[in-house]
Amino acid sequence: MTVEPKLVYMDHAATTPIREEVLEQMIPYMKQYYGNPSSIYTLAQESRRAIDESRENVAHLIGARTRDIIFTSGGTESDNAALKGTAAALRSMGNHIITSSIEHHAVLHACQQLEDLGFEITYLPVDKYGLIDPDDVGRAIKKDTILTSIMMANNEIGSIQPIKDIARVVKEKSNKLNTKILVHTDAVQAVGSEEVNVNELGVDLLSLSAHKFYGPKGIGALYIRRGTPFEPLIVGGGQENQRRSGTENVANIVGSSIALSLAIQNLSETKNSCKLLRDEITSRILENIPRTTLNGHPTKRLVNNANISFHGLEGESILLGLDLAGISASSGSACTSGSLEPSHVLLATGQSAEIAQSSVRFTVGYENTKQDVDYLLSVIVPLVDKLRELSSISV
601 MTVEPKLVYM DHAATTPIRE EVLEQMIPYM KQYYGNPSSI YTLAQESRRA IDESRENVAH
661 LIGARTRDII FTSGGTESDN AALKGTAAAL RSMGNHIITS SIEHHAVLHA CQQLEDLGFE
721 ITYLPVDKYG LIDPDDVGRA IKKDTILTSI MMANNEIGSI QPIKDIARVV KEKSNKLNTK
781 ILVHTDAVQA VGSEEVNVNE LGVDLLSLSA HKFYGPKGIG ALYIRRGTPF EPLIVGGGQE
841 NQRRSGTENV ANIVGSSIAL SLAIQNLSET KNSCKLLRDE ITSRILENIP RTTLNGHPTK
901 RLVNNANISF HGLEGESILL GLDLAGISAS SGSACTSGSL EPSHVLLATG QSAEIAQSSV
961 RFTVGYENTK QDVDYLLSVI VPLVDKLREL SSISV
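The opening position of the sequence shown corresponds to residue 601 in the working numbering, with each subsequent residue numbered one higher.
A few of these clues could be false.
Restricting the straight-line Cα-Cα distance to at most 25 Å, the calculated cross-link-like pairs of lysine-lysine (DSS-like) are [claimed, not checked]: (1) K631 / K606; (2) K773 / K871; (3) K728 / K900; (4) K871 / K817; (5) K871 / K771; (6) K900 / K606; (7) K743 / K764; (8) K871 / K900; (9) K780 / K742; (10) K764 / K871; (11) K606 / K684; (12) K970 / K728; (13) K780 / K900; (14) K986 / K764.
Using C-beta positions, here's what the derived DEER-type ranges look like [what the hints assert, rightly or not]: (15) E715 / A925: 38 to 46 Å; (16) R739 / D923: 55 to 63 Å; (17) Y723 / P605: 14 to 22 Å; (18) T615 / H911: 48 to 56 Å; (19) R649 / G912: 39 to 47 Å; (20) Y641 / S868: 38 to 46 Å; (21) L947 / L886: 21 to 29 Å; (22) N775 / Q713: 24 to 32 Å.
What the hints contain is simulated information worked out from the structure, not anything from laboratory work. We treat Cβ as the ideally placed atom computed from N, Cα and C, and that holds for glycine.
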């Protein structure tokens with residue numbers, strides 16, 4: 601009799617399964633309360649009330665004012681809106697933007713478009729752990745600097761940046777130069793996994809995405825601090841307080857709010873369980889499989905992220921073998937999984953292209969168990985041995 605492979609999902613950095621409680625709260629706004637929130641009749645006002653309550657809740661959970669939250673289609677739009685919206689609003693004051701070499705492509709490609717429009721972009725280097733020195737940010741600031749955009753936690757290697765210190769350095773330099781320099785952070789991987797408070801961080805703009813914390817896909821948010829110069833990326837009907845036009849996705853907005861509430865409510869328990877599983881994956885792979893290394897900082901990292909290089913192999917071949925056994929992992933960002941290029945993040949940390957292409961990212965969630973880790977190890981140890989044996993024969 602053929603035994604079906606156990607299904608183990610370990611790619612929560614790519615996306616998370618929607619919580620049942622979240623889906624249940626969304627369904628009424630797909631079927632019963634379907635009115636356009638911009639209309640004035642009672643049916644439509646049920647939709648408007650749901651949006652208002654959701655906005656208030658999301659704002660509260662990250663320490664923001666209610667009117668400082670706009671809903672978007674996800675993290676990519678939030679990043680694009682943050683960079684392009686502030687760059688357009690502040691162009692008369694300067695054209696210099698600072699970011700890092702390991703940002704998500706939503707930021708990097710937006711910066712490339714801004715370069716085509718005449719903006720100057722400084723891409724800061726990182727150390728071997730993928731961390732930025734706040735003093736490097738300060739040294740990069742010039743009289744015409746208008747924006748810094750540094751991600752809070754890296755989506756590939758999990759390293760957590762010192763955003764609070766970076767924001768402090770930027771504001772001190774801004775005051776010294778008597779200029780206005782905004783601070784944006786892509787917190788898509790951090791919100792729901794780490795404690796995030798916009799006032800404690802000192803940022804002016806912050807991006808988040810619901811499907812990273814067990815909410816629906818296609819919905820995100822952008823925090824824009826009161827008084828921040830901003831030109832809307834999408835214009836039309838003037839929704840979202842004139843900052844993001846388009847009929848609102850009421851069900852997804854409600855879902856994002858409920859999902860964030862549950863993520864924050866269970867944050868401590870989830871972090872503890874994920875850290876135990878992450879550490880066990882890391883230690884057991886490094887101990888049982890020769891020529892493996894952990895990528896990213898050993899401790900200053902997301903509690904659910906284990907990014908490991910298997911020297912001498914292609915990460916893709918390992919992923920295919922894992923998939924045949926019912927285990928889902930990835931080789932880096934899900935947005936570039938079809939690319940043959942090595943990870944720009946790992947290259948920026950000083951890894952060779954060969955090592956970068958040998959990496960596999962395991963990101964666990966609250967539903968994973970020790971049994972899942974045991975199953976992973978029972979599959980990956982012989983898999984790597986077999987692949988290395990085949991590799992040596994082909995050579």
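Structure-based check of all given hints:
no.	hint	in the structure
1	K631 / K606	violated (36 Å)
2	K773 / K871	violated (35 Å)
3	K728 / K900	holds (13 Å)
4	K871 / K817	holds (22 Å)
5	K871 / K771	violated (31 Å)
6	K900 / K606	violated (32 Å)
7	K743 / K764	holds (22 Å)
8	K871 / K900	holds (14 Å)
9	K780 / K742	holds (11 Å)
10	K764 / K871	holds (21 Å)
11	K606 / K684	violated (45 Å)
12	K970 / K728	violated (30 Å)
13	K780 / K900	violated (30 Å)
14	K986 / K764	violated (46 Å)
15	E715 / A925: 38 to 46 Å	holds (44 Å)
16	R739 / D923: 55 to 63 Å	violated (45 Å)
17	Y723 / P605: 14 to 22 Å	violated (42 Å)
18	T615 / H911: 48 to 56 Å	violated (29 Å)
19	R649 / G912: 39 to 47 Å	violated (59 Å)
20	Y641 / S868: 38 to 46 Å	holds (44 Å)
21	L947 / L886: 21 to 29 Å	holds (22 Å)
22	N775 / Q713: 24 to 32 Å	holds (30 Å)
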